[in-house]
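Use these hints to put chain B onto chain A, whose structure you have.
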Amino acid sequence: MNRVLLATATFLALAAAHGCVGTPGRRIVANLEVGMLDLASATRTGWEVDVTQAALLVSAVRTRDVNRPPAVAFMQALVLAPHAFAHGGHGESDTTVLASWVGSEVLVLGEGPSSMVLEGRAGTTDRGALVLGGVVGAGDERAAALHGLPLWVEGTATQGEMVVRFAGGIPLPEAETERLVEGIEMAGDIDDGVTLHLDIDLGVAFDAVHFERLVAGDDGVAPITEGTQAALALRIGLGDLSAYVATVTAAPQPAP
Amino acid sequence: MKMLRLNTVLLTLGVAMGLASCGESASTGSLTFYASGEEAAEGGYPAGDIAFADGWTIEFDHVMVAIGDVVLGEDEIAGDVMIVDLHNGRTELFTEEMLAAQRYAIGYTLAVPTASAFPQGPVDAAAQARMIAAGASLYIEGTAMHPTHGEYTFEIALPRAVVASACEQADGTLGVVVPESGNATGEITIHLDHLFFDSATAEEPNLRFEAWAAAAGEDRHITMDDLASQDLTDLIGIDGEPLMAGGTLVAYEPPATGLPSMDLEAFVVAQAITVPHWTGEGHCNYE
Chain A
1 MNRVLLATAT FLALAAAHGC VGTPGRRIVA NLEVGMLDLA SATRTGWEVD
51 VTQAALLVSA VRTRDVNRPP AVAFMQALVL APHAFAHGGH GESDTTVLAS
101 WVGSEVLVLG EGPSSMVLEG RAGTTDRGAL VLGGVVGAGD ERAAALHGLP
151 LWVEGTATQG EMVVRFAGGI PLPEAETERL VEGIEMAGDI DDGVTLHLDI
201 DLGVAFDAVH FERLVAGDDG VAPITEGTQA ALALRIGLGD LSAYVATVTA
251 APQPAP
Chain B
257 MKMLRLNTVL LTLGVAMGLA SCGESASTGS LTFYASGEEA AEGGYPAGDI
307 AFADGWTIEF DHVMVAIGDV VLGEDEIAGD VMIVDLHNGR TELFTEEMLA
357 AQRYAIGYTL AVPTASAFPQ GPVDAAAQAR MIAAGASLYI EGTAMHPTHG
407 EYTFEIALPR AVVASACEQA DGTLGVVVPE SGNATGEITI HLDHLFFDSA
457 TAEEPNLRFE AWAAAAGEDR HITMDDLASQ DLTDLIGIDG EPLMAGGTLV
507 AYEPPATGLP SMDLEAFVVA QAITVPHWTG EGHCNYE
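Line by line, the protein sequences give chains A and B. Position 170 of the first sequence, counting from 1, maps to 170 under the numbering used here, and the rest follow consecutively. In short: position in the second sequence from 1, add 256, done, that's the numbering used here.
The hints are simulated quantities; they were obtained by calculation from the structure and are not laboratory data. For clarity, every value in this text was computed on a predicted model and none was experimentally measured. Check before you lean on any hint, since a few could be wrong.
Quick look at which bits of chain B chain A covers, simulated, 3 or more residues with Cβ under 8 Å [unchecked claim]:
{"id": "1", "region": "310-317"}
{"id": "2", "region": "340-346"}
{"id": "3", "region": "452-464"}
Label-pair distances were calculated between CB atoms; the ranges are [stated by the list, open to error]:
{"id": "4", "chain 1": "B", "residue 1": "PHE374", "chain 2": "A", "residue 2": "THR225", "range": "54 to 62 Å"}
{"id": "5", "chain 1": "B", "residue 1": "GLY345", "chain 2": "A", "residue 2": "GLN53", "range": "55 to 63 Å"}
{"id": "6", "chain 1": "A", "residue 1": "THR158", "chain 2": "B", "residue 2": "ASP495", "range": "25 to 33 Å"}
{"id": "7", "chain 1": "B", "residue 1": "GLY502", "chain 2": "A", "residue 2": "LEU39", "range": "32 to 40 Å"}
{"id": "8", "chain 1": "A", "residue 1": "GLU174", "chain 2": "B", "residue 2": "MET354", "range": "49 to 57 Å"}
{"id": "9", "chain 1": "A", "residue 1": "ALA175", "chain 2": "B", "residue 2": "ASP305", "range": "38 to 46 Å"}
{"id": "10", "chain 1": "A", "residue 1": "THR247", "chain 2": "B", "residue 2": "GLU315", "range": "18 to 26 Å"}
{"id": "11", "chain 1": "A", "residue 1": "THR247", "chain 2": "B", "residue 2": "GLY406", "range": "37 to 45 Å"}
{"id": "12", "chain 1": "B", "residue 1": "THR504", "chain 2": "A", "residue 2": "ASP189", "range": "31 to 39 Å"}
{"id": "13", "chain 1": "A", "residue 1": "ALA138", "chain 2": "B", "residue 2": "ASP305", "range": "38 to 46 Å"}
{"id": "14", "chain 1": "B", "residue 1": "THR399", "chain 2": "A", "residue 2": "GLN159", "range": "40 to 48 Å"}
Even glycine gets a Cβ: it sits at the ideal position worked out from N, Cα and C.
Pulled out of the complex, with its shape left as it was, chain A reads as follows (with noise of 0.2 Å):
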């Protein structure tokens, strides 16, 4: 009797406490990869850009809970430690990363996605987050192709009888929250053995770039740098919601 009561106060406090705080996700372990495209050609600038050589750093993708109970944000506002809203809501801060991936990944069109592990809680998301640049990691070989920059791109744009041959990359900011593409589209339910897939369609990047301004060097190619407006359309470009395209794939069933 005595434990029959302990345990009902026990029930109670808990029951009356989860009203206010819900229960986290359990842990889990899922796939990420994630690759570079070049699907989208034609730019609203009215040029043909084919993207011959492209490399891009990216340092963490997160995933957002879709249902993150509202008395989990008032207590965590309560009594954990405070955290700041980004202006506009735009910040991840307001939400809750339901996985995440964190490190260091150099993108190489043409080479396959790479693959990376997703870590976190099971749960359902609808939303997702990708960190553009970053630091490079040690010993990687694939660092060369982003020649010192985070993104670093090559190609022929065409217009009529104008083609223009460039190469060129753009810095990223040192601020995380200025290379951060928040809101693309992954919804599905993160669980042990997930795939989440996110593709970079790196042709939307181009899409008002104009290429007339840019002025040939001796060797016929011309060149992107900063300050250009190339380099400050790709910039904004990058940015755009519509290059980024993630599913999620469930894990693979066991052999009966």
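Just chain B now, with coordinates in the frame of chain A:
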């Protein structure tokens, strides 16, 4: 018997702790709401150490916001939409009495007003009519001046509602604490400088106006439609050439969540969504 008493105490304590964690309280206090656009709404820019990087100064004629759906905890305590003109100074909105003394979550809405919206404090009727006609939850009229480029007038209309929820104090604590037998104050604070930022992501963005002025027609009056003519990837200056500052192209950095279109109107709308704050520097979630 002794064990039974202990268990009774434990049972009572358990339930009490559970309830306490939800914030129940018996004593009461009151809470007074204000709205403010701070020094800038009254005196324009420069304001204190906030000034435009490209040499412009701003004076406001009207800084009007429509406020509705004020939420305290889980209860809506003010549903009717009221319009205030913050150019006329800090305005008291209302006082809520007999509130249980405890911490409350705070939320409110910048609402798109209809004809039923009522003015709170001194509000020019003609300006209120223009705000309602524009379907704007935030409506601002003003004049910008530059020693070289002269004067331009502008009209900013945020054509959507903004729901601010889970507002924090500047120190990161949630909402507001209503003290026992006392009065707490809270303020819906409008940060006008966000409208003129050149970055939605930088910690310390610059305030700029030339891209706005260059979007004006011959009437030198800038509307939201005019701002749509400025492509963020190819900003044009008043001289018709690419907009430069310090020898480099001026760039407006969009929010991490992107923009529906890469133009200055979309950027300003996105920035306008971030102007409501809580009691000075406190942030909210915005939808």
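Comparing the hints with the structure gives:
| no. | hint | in the structure |
| --- | --- | --- |
| 1 | 310-317 | violated (count 0) |
| 2 | 340-346 | violated (count 0) |
| 3 | 452-464 | holds (count 5) |
| 4 | B:PHE374 to A:THR225: 54 to 62 Å | holds, 57 Å |
| 5 | B:GLY345 to A:GLN53: 55 to 63 Å | holds, 60 Å |
| 6 | A:THR158 to B:ASP495: 25 to 33 Å | holds, 32 Å |
| 7 | B:GLY502 to A:LEU39: 32 to 40 Å | holds, 37 Å |
| 8 | A:GLU174 to B:MET354: 49 to 57 Å | holds, 51 Å |
| 9 | A:ALA175 to B:ASP305: 38 to 46 Å | violated, 22 Å |
| 10 | A:THR247 to B:GLU315: 18 to 26 Å | violated, 52 Å |
| 11 | A:THR247 to B:GLY406: 37 to 45 Å | violated, 54 Å |
| 12 | B:THR504 to A:ASP189: 31 to 39 Å | violated, 46 Å |
| 13 | A:ALA138 to B:ASP305: 38 to 46 Å | holds, 42 Å |
| 14 | B:THR399 to A:GLN159: 40 to 48 Å | holds, 42 Å |
Violation of the numbered hints given earlier is confined to hints 1, 2, 9, 10, 11, 12; the remaining hints are satisfied by the structure.
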